[in-house]
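Enquirer: Each chain, letter by letter, is given below.
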Amino acid sequence: MEPAKAVEQRGVLGDALVHLGAEFPQLVVLSPDVSLSTKAIKFKEAFPERFICSGIAEQNTIGMAAGMSTMGLIPVVAGYAMFVGGKAWEPIRNSIAYSHFNVKIVATHSGINVGSDGVTHQSIEDIALMRVIPGMVVLAPTDANQVEPALRAALQINGPVYIRLERAGIPLMTNPGQPVRLGGSLQLREGQDITIFAVGGMVHQALQSAEELATENIETRVVSLYSIKPIDTSAIIRAANETGAIVTAEDHNRYGGLGGAVAEVLALHAPCVMEQVAVQDTFAESGPAKDLYAKFHLTSADITAAARRAIQRRDAARKVN
Amino acid sequence: MITSLEDITLDLKATLVEHARHIRRHIIEMTSAAGSGHPGPSFSPTEILSALYFSEMRYRPDEPDWLERDRFILSKGHGAPVLYGALHEAGFFNREVLLSLRKPGSLLQGHPHVKAPGVDATTGSLGIGLSQAVGQALGAKVAGLPNRVYAVVGDGECDEGQIWEAALAAPQFKLDNLAVFIDHNKYQYDGPVCEVMALAPLADKWRDFGWRVEEIDGHDYDQILGFLLRSRQCTGKPSLAVANTIKGFGVSFMAGTQEFHARSLNAEETARALEELKD
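Quick mapping for you: the protein sequence lines, in order, are chains E and A. Sequence positions in the first sequence follow the working numbering and run 5 to 325. Sequence positions in the second sequence follow the working numbering and run 323 to 601.
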């Protein structure tokens with residue numbers, strides 16, 4: 005099988021903003037001096053009067069977006085996850101979320117896949133930071149094809165949304181035009197032996213892992229939980245009941261991220277064996293994304309090992325019972 | 323709204339003095355009923371809010387979300403009682419709501435939140451209000467709306483870095499629909515501003531950032547209304563008044579002291595203050 009072509013999510017962000025800008029005349033884009041990198045520059049070229057370069061000032065950018073949203077506009081802030089989500093966290097909470105203002109935040113460069121820029125630019129905390137804010141919707145599109153549908157879903161609701169994009173290219177796994185649904189998920193492979201829940205580029209690692217597991221006659225269900233909040237509770241409960249073993253995989257710290265979100269659902273509704281593939285509560289370093297994934301255990305082999313552990317634990321528990 | 327300095331008549335000023343006196347009564351009554359709050363920092367910008375709400379701004383108390391209303395943001399959100407007092411005085415909500423301040427179920431949170439009718443921005447975390455004012459002024463321009471935007475920023479609040487991010491942005495976007503007051507009452511929580519984190523020369527700082535700047539007496543209606551008039555006449559840049567004020571101004575034993583920064587008055591003090599502010 006030909007390997008699918010890897011496409012950067014930010015590579016389609018500019019075009020997505022332009023398409024949606026034509027459809028939503030209230031849409032304005034704010035860029036804290038990173039439009040060349042996020043590709044929001046394309047929106048500036050198409051709609052210069054609706055594009056705001058807000059300087060290297062993420063907190064003020066978020067505050068301005070809050071203010072603009074009260075003038076009948078729908079501001080989209082496009083910046084790096086570490087800075088727009090991290091440095092501006094408190095203004096996001098107090099100026100946008102607490103007022104339930106209609107502002108969308110598109111955070112590029114999340115995770116250690118950011119690579120050689122190093123730890124200061126590698127946001128491994130943003131899922132946790134955003135999902136603890138009351139009322140905040142958190143989406144993590146699976147690949148480049150899901151970027152525009154995710155933005156569209158965000159624009160169709162009145163309230164704050166955080167969309168998490170990765171820096172490194174991700175092989176295309178979804179069909180273009182397939183809608184993204186708040187609280188939805190996307191099952192990319194069916195299986196009854198174990199379920200892997202993943203987000204972003206880790207979904208691709210999960211699919212590779214499923215191939216490896218298939219050689220051991222383990223049939224793996226692979227689901228992209230692209231809607232981290234609200235989360236697809238029924239898909240998680242179903243996985244627990246039907247496969248009895250779960251692995252979560254994310255380019256994020258092990259605390260408070262996708263694994264935490266899935267564990268919260270399991271503990272409440274369907275206690276089940278679970279293993280986590282995530283950054284192990286450490287800072288990474290500079291380097292090519294591929295090398296960092298190997299060093300910090302975010303590869304398909306790591307997922308496969310976690311899957312075996314989960315299955316062993318499940319089967320051992322079944323024997324005891 | 324005045325259109326020339328000649329419009330600042332004795333009658334207008336007498337009206338504003340009355341509104342300010344009422345607002346101060348509301349501040350005392352609501353913070354004493356709540357048993358907490360910041361009466362001192364609410365008194366220093368009272369004349370500014372009286373001038374804004376009863377001469378300068380266009381709004382509809384029965385239609386608080388009217389898109390083209392002028393906007394006011396109390397960036398120093400701990401002064402919430404002066405905002406609530408002005409909004410009550412302007413007819414946005416009744417006395418029952420006013421006296422529910424800080425109580426469960428109230429529209430009036432300890433620091434301003436947009437769910438209260440007439441509150442145009444959620445503030446309380448210092449530094450976040452001015453950015454929202456800049457965004458509203460910029461949003462009005464992008465949307466082609468006629469709104470003017472006003473804000474009161476605390477002097478101590480100018481320690482916050484976000485204030486200076488916003489200070490850079492407003493002139494960049496030529497926001498001549500924005501007028502800001504620094505409530506320069508010279509005190510912050512831990513002590514005098516000049517000792518905690520010196521701001522002088524404060525007016526020069528803002529001037530250097532590209533604002534049209536005046537230094538005014540923040541309790542003098544001729545100077546407040548004159549500043550607002552000139553702000554409307556100025557094109558191409560935002561305006562800012564360093565308004566010299568006195569914390570606790572308007573009640574003899576509250577004026578110039580840090581005592582009532584973050585505590586309400588006891589029963590005896592409440593009675594004395596209301597006596598001084600009586601009709």
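Note that these hints are calculated values from the structure, not bench results. Built from N, CA and C at the ideal position, the CB exists for glycine as well. There could be a bad hint or two in this list.
To be verified - Covered, in the sense of this in silico footprint (three residues per stretch, anywhere, with C-beta under 8 Å from a C-beta of chain A), are these stretches of chain E:
| no. | segment |
| --- | --- |
| 1 | 57 to 63 |
| 2 | 99 to 111 |
| 3 | 227 to 234 |
Enquirer: Three or more residues of the segment 57 to 63 of chain E near chain A by CB distance under 8 Å?
Expert: holds (count 4)
Enquirer: Holds or violated: the segment 227 to 234 of chain E covered by chain A, criterion of 3 or more residues with Cβ-Cβ distance under 8 Å?
Expert: It is violated: at least three residues are needed, and the segment 227 to 234 of chain E offers just 0 whose Cβ sits closer than 8 Å to chain A.
Enquirer: Counting residues of the segment 99 to 111 of chain E with a beta carbon closer than 8 Å to any beta carbon of chain A, are there 3 or more?
Expert: holds (count 3)
Hint 3 from the list above is the single one not met by this structure.
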